[in-house]
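Generate coordinates for the entire structure from the input sequences, incorporating the hints supplied.
Protein chains in written order, with the numbering used here: chain A, 5 to 329; chain B, -2 to 445.
Hints may be right or wrong, so weigh each one.
Stated by the list, open to error - Under the rule of at most 25 Å between Cα atoms (straight-line distance), these lysine-lysine pairs were calculated in the PhoX-like manner:
1. Lys44/A to Lys187/B
2. Lys370/B to Lys142/A
3. Lys72/A to Lys187/B
4. Lys31/B to Lys194/B
5. Lys7/A to Lys145/B
6. Lys58/A to Lys187/B
7. Lys244/B to Lys230/B
8. Lys242/A to Lys282/A
9. Lys136/A to Lys366/B
Treat the hints as calculated values from the structure; they're not laboratory data.
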Amino acid sequence: MPKVTIDNVSIEVPEGTTILQAARMIGGNLVPPAMCYYTKLDTSGGYCRTCIVKVTQGSERDPRPMPKPVVSCRTTVMDGMVVENITNEELVEARKGVVEFLLINHPLDCPVCDQAGECHLQDLSYENGLSKSRYEFKRREFEMHDIGDKIKLHMNRCILCYRCVKVADQVCDGRVHGVINRGDVAEISTYIQNSVDNDFSGNMIDVCPVGALTDKTFRFKSRVWFAKPMDAHRNCDKCCGKVAVWLSGDDILRVTGRKDKYGEVEDWICNDCRFDKKQKSDWVIEGPRNIDRHSVIAQNKYGVLKQLKIDVSKQKQIGEKAHNK
Amino acid sequence: MKRLLLQHIDVPGIDTLSVYREHGGYKALEKALKDMKPDDITEEVKKSGLRGRGGAGFPTGLKWSFLAKPEGVERYLVCNADESEPGTFKDRFLMSKIPHALIEGMIVSSFALGAKTSYIYIRGELLYVYHILEKAIAEAYDAGLLGKNIMGSGYSLDLYVHPGGGAYICGEETALIESLEGKRGNPRIKPPFPAVKGLWQSPTVVNNVETISAVPHIVNMGGDAYAAIGVGKSTGTKLISACGHIKKPGVYEIELGLPVEEFLFSDEYCGGIRNDKKLKAVVAGGSSVPILPGELFLKTANGEPRLMSYESLSDGGFATGTMLGSGGFIVMDEDTSVVKNLWNFTRFYHHESCGQCSPCREGTGWMEKVLHKFLEGHANMNDIDLLWDIQSKIEGKTICPLGEAASWPVASAIRHFRSEFEDYVKNPQKIKDVKHYYRVNNLDPVIN
Ligand SMILES: Cc1cc2nc3c(=O)[nH]c(=O)nc-3n(C[C@H](O)[C@H](O)[C@H](O)COP(=O)(O)O)c2cc1C
Ligand code: SF4
Ligand code: FES
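Next comes the structure, spelled out in structure tokens:
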């Protein structure tokens, strides 16, 4: 089995394992963030570039370092590979660059966005972002679209991770969902406003790392951190029927797949379970679901905020400046 | 001066099969099919030292030897005729004037690689060249040079020309393959490389027009004789498309190793700077390679005269050198604004980014907007550093080299012409004096 060393921690992994998967096997801080890779979706990953790492030794046989950072989600480990992630300052800086690129055109409308609290971009920007934007131009804007009657597409927030396209390709049949246009005006679209009419289309909402695809049956009902996630199941003839229901009192506000700490669902669920089964009596509730994420949804605060040193006098100056304007 | 590709360029009717054959055309094909085995040809190409003419300069023989050859799986040769790099217009010249040069090259190379079907992927805007190639291919089929049992050798090949939609990104080899398959022209995430999984997931070689057109000459003269032309590892001849503020813009074939000064100033080639102005800067290999100030272009940092070769042009790395690239030679006189030119290039890369990966999708547009601030007269000094920072964060973090192509011009312009950026900040009123670009239709060196 190939042995790989990531940030000085070594692990033996099965042949064909990617650096990202190996890092997840080790766990902890050295796991690169992944915005577009999704284990369940074939050919996903490689687009967002947040998971980049530095390979300082290619393998035992060919110890040359790789000249550029590589995407850990699409690079398989070789025996004797040495990888640097958070131990490499240059790389951390490079990742900050990627995060900045993802943010410059993002609307940052978290206060009105349903995804806030469980948004991977939000987490990523807390961890790797600048506190101030260096981008001083108008952000790009798109029209909002409905993808069928249950899903809202808010393209302004999209980071073009291609996950939903892969869901449309691989989980739904009769593909009408894809990317049109090019470059920074590329957008996710359904073919001439066709709705995605498929029992599994709702999974797009689960894979979307930001608030670009949201559940219309849940929109604006509640902030996610006020809802209580519970594992639940039912006998479903279309899907596994194993879901997470999000409760407020006795009301089911929404139903999602069961996501792990990387935001990946255990199994796809069907639209019936997701959109139509909103009565507690529809489900067998198993018990509270532990959300193992570092964002607000898990603990109502960000870990890194504790480390922030706030220079009080400087803050005062900023406050005064704003006041005098 | 030794000319191979353009030797018969002035012969009337050289675009027809009969005239092409009268001037030695398809001799290489005959030799290859009758006297050589496929691997012999690859061996000769290796010996010749031929390097890819599409930009990266990767040794062609080596590339061919990497081609996976699993039993029972089709292999493909694809010719990259998507030529869209600003400043590069050599391939269309060659294809439109001597279409059979490429077709013969395609047949010989396909034979060497064991391909039974081959494609020429041509840029969408070059529709007139597409028609020329179609006509030439029909001639070749009629003469039994394509199709079943070529020249009685038992080798069969089908050759297709496929016009693209006119996107720069489709020149990137994996985007080209996607586009050829009828999909959106997005670069693939590598690995796997085309040599293992290319067109329709089969082993594929992608080569530039000029690279493939050189193969018949290598077969004719032998790899060693070809390697004797040029200097060091820059063997053979190279087409250079020269444009900008020179007296004689056009496509020239040079022996690699020609002194830069001779190329730029002698009457045989560019003929010096137009209107007897002074030389300011040169972009030596198409818009993506680093721009160099005149002095540093003519002489390396060590004071040695620069040569038109892969090694000499890149002498000094990016600090004081550049690249031969695809041979798009853009000359700027003393009146040219480097900043404005850079904005123009950056606008191009912004427009052409495919949008898959975040650094290129977002970064190219950002750089364009910041550069536009300079031209509008409200940039500040921090914007120069900001530009530098943005380009450094794109470079090396993207799926395909378009990211680098967009970063290098910005980095080199700031490296060598920082004071000009500062000028724009300090004297915004001066901007009015900057000359604008004119579109001079009757000066197209190819069509005329
Ligand atoms: C954005 C981009 C555009 C490219 N455009 C072209 C092109 O128009 N023509 C070309 O021959 N190569 C182009 N290339 C290089 C090709 O990817 C590839 O390296 C080349 O066709 C290989 O052929 P060669 O080895 O004969 O040079 C481009 C590369 C990139 C990244
Ligand atoms: S570098 Fe640009 S053109 Fe290349 S894959 Fe990324 S977004 Fe597309
Ligand atoms: S997660 Fe690897 S590139 Fe997006």
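Hint-by-hint comparison with the structure:
1. Lys44/A to Lys187/B: With Cα atoms ~20 Å apart, Lys44/A and Lys187/B stay inside 25 Å; holds.
2. Lys370/B to Lys142/A: holds (13 Å)
3. Lys72/A to Lys187/B: This hinted pair holds, its Cα atoms lying about 13 Å apart.
4. Lys31/B to Lys194/B: violated (31 Å)
5. Lys7/A to Lys145/B: Roughly 52 Å separates the two Cα atoms, so the pair is violated.
6. Lys58/A to Lys187/B: Holds, at roughly 16 Å.
7. Lys244/B to Lys230/B: violated (31 Å)
8. Lys242/A to Lys282/A: Holds: Lys242/A and Lys282/A sit about 17 Å apart, inside 25 Å.
9. Lys136/A to Lys366/B: holds (19 Å)
The structure is inconsistent with the numbered hints 4, 5, 7, although it conforms to all the rest.
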